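Enquirer: Using the hints, position chain B against chain A.
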Amino acid sequence: MNSAMFIQHLLNSLTLGSLYALIAIGYTMVYGILRLINFAHSEIFMLGAYFVFWGVTLFSLPWPLAMLLSVVFTAGLGILVDRVAYRPLRDAPRISALISAIGVSFFLQNVAIVFFQAIPRAVYRPAWLENPIILGEVRLLPLTLFVPALSLLLMLGLVYVVYRTKTGLGMRAISKDIETSYLMGVPVNRIIAITFGIGSALAAASGIMWALRYPQLQPIMGGIPGFKAFIAAVFGGIGSIQGAVIGGLVLGFIEIMTVAFFPDLAGYRDAFAFILLIAILLYKPTGLLGARQEDKV
Amino acid sequence: MLKVQDLHVWYGGIHALKGVSLEVPRGRIVTLIGANGAGKSSTLRAIAGLIRNKKGVITYKDRDLTRLDPVGVVKSGIVMSPEGRRIFPHLSVFENLQLGAYSRSDADGIARDVEWVYELFPRLRERREQKGGTLSGGEQQMLAVGRALMSAPEVVMLDEPSLGLAPLLVRDVFEIIKVINERGMTVLLVEQNAFAALKIAHYAYVLETGGVALHGPGKDLLRDERVCRAYLGG
Numbered sequence: 166m167n168s169a170m171f172i173q174h175l176l177n178s179l180t181l182g183s184l185y186a187l188i189a190i191g192y193t194m195v196y197g198i199l200r201l202i203n204f205a206h207s208e209i210f211m212l213g214a215y216f217v218f219w220g221v222t223l224f225s226l227p228w229p230l231a232m233l234l235s236v237v238f239t240a241g242l243g244i245l246v247d248r249v250a251y252r253p254l255r256d257a258p259r260i261s262a263l264i265s266a267i268g269v270s271f272f273l274q275n276v277a278i279v280f281f282q283a284i285p286r287a288v289y290r291p292a293w294l295e296n297p298i299i300l301g302e303v304r305l306l307p308l309t310l311f312v313p314a315l316s317l318l319l320m321l322g323l324v325y326v327v328y329r330t331k332t333g334l335g336m337r338a339i340s341k342d343i344e345t346s347y348l349m350g351v352p353v354n355r356i357i358a359i360t361f362g363i364g365s366a367l368a369a370a371s372g373i374m375w376a377l378r379y380p381q382l383q384p385i386m387g388g389i390p391g392f393k394a395f396i397a398a399v400f401g402g403i404g405s406i407q408g409a410v411i412g413g414l415v416l417g418f419i420e421i422m423t424v425a426f427f428p429d430l431a432g433y434r435d436a437f438a439f440i441l442l443i444a445i446l447l448y449k450p451t452g453l454l455g456a457r458q459e460d461k462v
Numbered sequence: 095m096l097k098v099q100d101l102h103v104w105y106g107g108i109h110a111l112k113g114v115s116l117e118v119p120r121g122r123i124v125t126l127i128g129a130n131g132a133g134k135s136s137t138l139r140a141i142a143g144l145i146r147n148k149k150g151v152i153t154y155k156d157r158d159l160t161r162l163d164p165v166g167v168v169k170s171g172i173v174m175s176p177e178g179r180r181i182f183p184h185l186s187v188f189e190n191l192q193l194g195a196y197s198r199s200d201a202d203g204i205a206r207d208v209e210w211v212y213e214l215f216p217r218l219r220e221r222r223e224q225k226g227g228t229l230s231g232g233e234q235q236m237l238a239v240g241r242a243l244m245s246a247p248e249v250v251m252l253d254e255p256s257l258g259l260a261p262l263l264v265r266d267v268f269e270i271i272k273v274i275n276e277r278g279m280t281v282l283l284v285e286q287n288a289f290a291a292l293k294i295a296h297y298a299y300v301l302e303t304g305g306v307a308l309h310g311p312g313k314d315l316l317r318d319e320r321v322c323r324a325y326l327g328g
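Top line first, the protein sequences correspond to chains A and B. Going by the numbering used here, 345 is the number at position 180 of the first sequence; the sequence numbering is gapless. Going by the numbering used here, 199 is the number at position 105 of the second sequence; the sequence numbering is gapless.
Treat the hints as calculated values from the structure; they're not laboratory data. Keep in mind the model is a prediction, meaning the values are calculated, not measured. Built from N, CA and C at the ideal position, the CB exists for glycine as well. Don't take every hint at face value.
[To be verified] Derived DSSO-like pairs: lysine-lysine, alpha-carbon spacing no greater than 30 Å straight-line:
hint : chain 1 : residue 1 : chain 2 : residue 2
1    : A       : K331      : B       : K225
2    : B       : K148      : B       : K112
3    : B       : K225      : A       : K449
4    : A       : K341      : B       : K225
5    : A       : K331      : B       : K112
6    : A       : K341      : B       : K148
[Said to hold, decoys possible] So the derived label-pair ranges between C-beta atoms look like this:
hint : chain 1 : residue 1 : chain 2 : residue 2 : range
7    : A       : R329      : B       : Q224      : 16 to 22 Å
8    : A       : P380      : B       : R222      : 50 to 56 Å
9    : A       : R248      : B       : Q286      : 37 to 43 Å
10   : B       : V273      : A       : Q407      : 37 to 43 Å
11   : B       : Q224      : A       : E295      : 50 to 56 Å
12   : A       : N354      : B       : K97       : 27 to 33 Å
13   : B       : A205      : A       : R290      : 50 to 56 Å
14   : A       : L233      : B       : K169      : 31 to 37 Å
15   : B       : K97       : A       : V279      : 53 to 59 Å
For reference, chain A alone in the conformation it holds in the complex (with noise of 0.2 Å):
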């Protein structure tokens, strides 16, 4: 292997690791503050990517548009998500959230299905992401160097809301003690809202730039995205936004380099990530950057 193929085989990892990090934020930030595994969010996901052609193909609209349109729309539809099938158990047991989560993930899937059929449906790319960008030796697609850079942007504008903002203040303090800063005056529900709308626009990204990526659409895309998603924030200690990132691109970068390396075993891709989880499970369970989450009393 050369050191052009090299590179490229990096910049791809990085794509790869940016998408799933986008979605691990999401997974982690629900996990943070309602100790919540959102199954719907692969869902969201897998919508976000159908509005944008939706859009693109049935009100002809301007990608850039429709784009905008899907993630403000997908975010607004993890806010309706948090609210018609999680808030209402609160106060229950935890276990009926989770329960609560794969009926939606069900749900939404169904409903996909129904809507949009389920044959998978190829994605016709917009011209502006088709041609090759040359680089001495180094050919890249133009999505492989746009997918980690708005992904970048975003993952910076979400540092800004978490850490700079006063509703960031609201996500951090209630992560840690709902109930005490329910009574500073914090408005609890509403900042969940928030952080499900940040987390579902974040997955509609993901899953846009996905669908661009391996260009083409079908009601379960979400799923094996939104699980290695998922290891990758477990893998970076499930809770940390940092943690959600890094996982997703160690994730990203394991994934390609042992494809890339060893060929032979590109079948067993998707393995790879399961038996991370494992190893994580085993040995750590915190992940890299989890503190040792004490149940709240």
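Expert: Only chain B this time, still in chain A's reference frame:
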């Protein structure tokens, strides 16, 4: 005046408060004393809006608070500092104080009140960039009180502020309560340290098994034979 009439609270099937009535006049320190499980904390939590499963009427300045959520209660001028201090260990002292002001949007007023809290507790100013979790127990209690004050309340409810503190710090806590009362705030204090609480309180209620057993001015209860036997160890 904060007024509670015939307050009942249920936890699951357990009838925890069985008709508590009390009045907290403006500018006063009123204390609730009683044994563990008598319903002191439940009374505060119900007033603060944390408990939904309740019956009775809670009014403040003739406004009905009974159905408000905690955010609504804070906005109407009543704040509760919970038992065990419950400061945010991963946020800085300054951020803890900012969080206390979450219901407000007057940036100038908030900045002024941060200064006021620092003036009240100089230790907090020294440690303003430190994480709350690194403070000592006494400093955490100061922070918990300061954080509650940041909502610019008229009534401050304190749940067991002296619990778990060294005796010298306990004295400081009661000093602080007197100071914030002198600055014009009404205080509703729940304490297991009945002696100290009765000494500073203008009025006191003794709770027993979910109801008011007796009430009267703090000084009178200090001399009351039943109170002495049950709560003051004499």
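Enquirer: Starting from the hint list further up, note which numbers the structure goes against and sort them upward.
Expert: 5
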